[in-house]
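A.B. asks: Sequence:
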Amino acid sequence: MVKMLRKVDKHSGIPAYIQIGNMIKAEIILGNLPQGAQLPPVRDLQYIFDVNINTVLKALDKLKNEGFIEAEQGVGYFVKKDISVEEEIIKTVKDCIQKIKALGIDFYTIMLIFEEVWKNESSPDA
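The opening position of the sequence shown corresponds to residue -1 in our numbering, with each subsequent residue numbered one higher.
Don't read these hints as lab results, they were simulated from the structure. Any given hint might turn out to be false.
As the list claims (entries may be wrong) - Lysine-lysine pairs mimicking BS3-like chemistry, simulated, CA-CA at most 30 Å apart:
(1) 5 - 97
(2) 92 - 79
(3) 92 - 8
(4) 23 - 78
(5) 117 - 97
Unchecked claim - Label pairs and their calculated CB-CB ranges:
(6) 98 - 4: 17 to 27 Å
(7) 52 - 95: 33 to 43 Å
(8) 51 - 102: 40 to 50 Å
Bear in mind the structure is a predicted one, so any value in this text is a computation, not a measurement. All C-beta atoms in this analysis are idealised placements derived from N, C-alpha and C, irrespective of residue type, glycine included.
Taking the hints into account, I'd like the entire structure generated from these sequences.
C.D. replies: Here's what the structure looks like:
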């Protein structure tokens, strides 16, 4: 079973199908779902996410349209892209998160800071 798949937060204000898609994308990016890996069956995903099956199908359709997964009729859904992030980057992020938590900075504050830094940082191509 994939590590980070969990029930959607029905009170977050973010549509459930978007949350589902983001969780699956994260698993692909983190390398927990490598290229060619089969996703759990749709009924299992419905149970994992605690949503209507149509919500799961909507999320999978969106991921398919974005090119992250592909469907094989009667077989299931498979990861199409191999876009895992290097281990060193994940380690750097984990170290940074530990420091941020030790300073007592909450998630939403750090996300605001991250967004501002991201917007204002010049790209390496510039």
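A.B. asks: A separate judgement is required for each hint: does it hold in the structure or not?
C.D. replies: Quick rundown of the hints versus the structure:
no. : hint                 : result
1   : 5 - 97               : holds, 28 Å
2   : 92 - 79              : holds, 24 Å
3   : 92 - 8               : holds, 27 Å
4   : 23 - 78              : holds, 11 Å
5   : 117 - 97             : holds, 22 Å
6   : 98 - 4: 17 to 27 Å   : holds, 22 Å
7   : 52 - 95: 33 to 43 Å  : holds, 35 Å
8   : 51 - 102: 40 to 50 Å : holds, 41 Å
Checked against the numbered hints given earlier, this structure breaks none of them.
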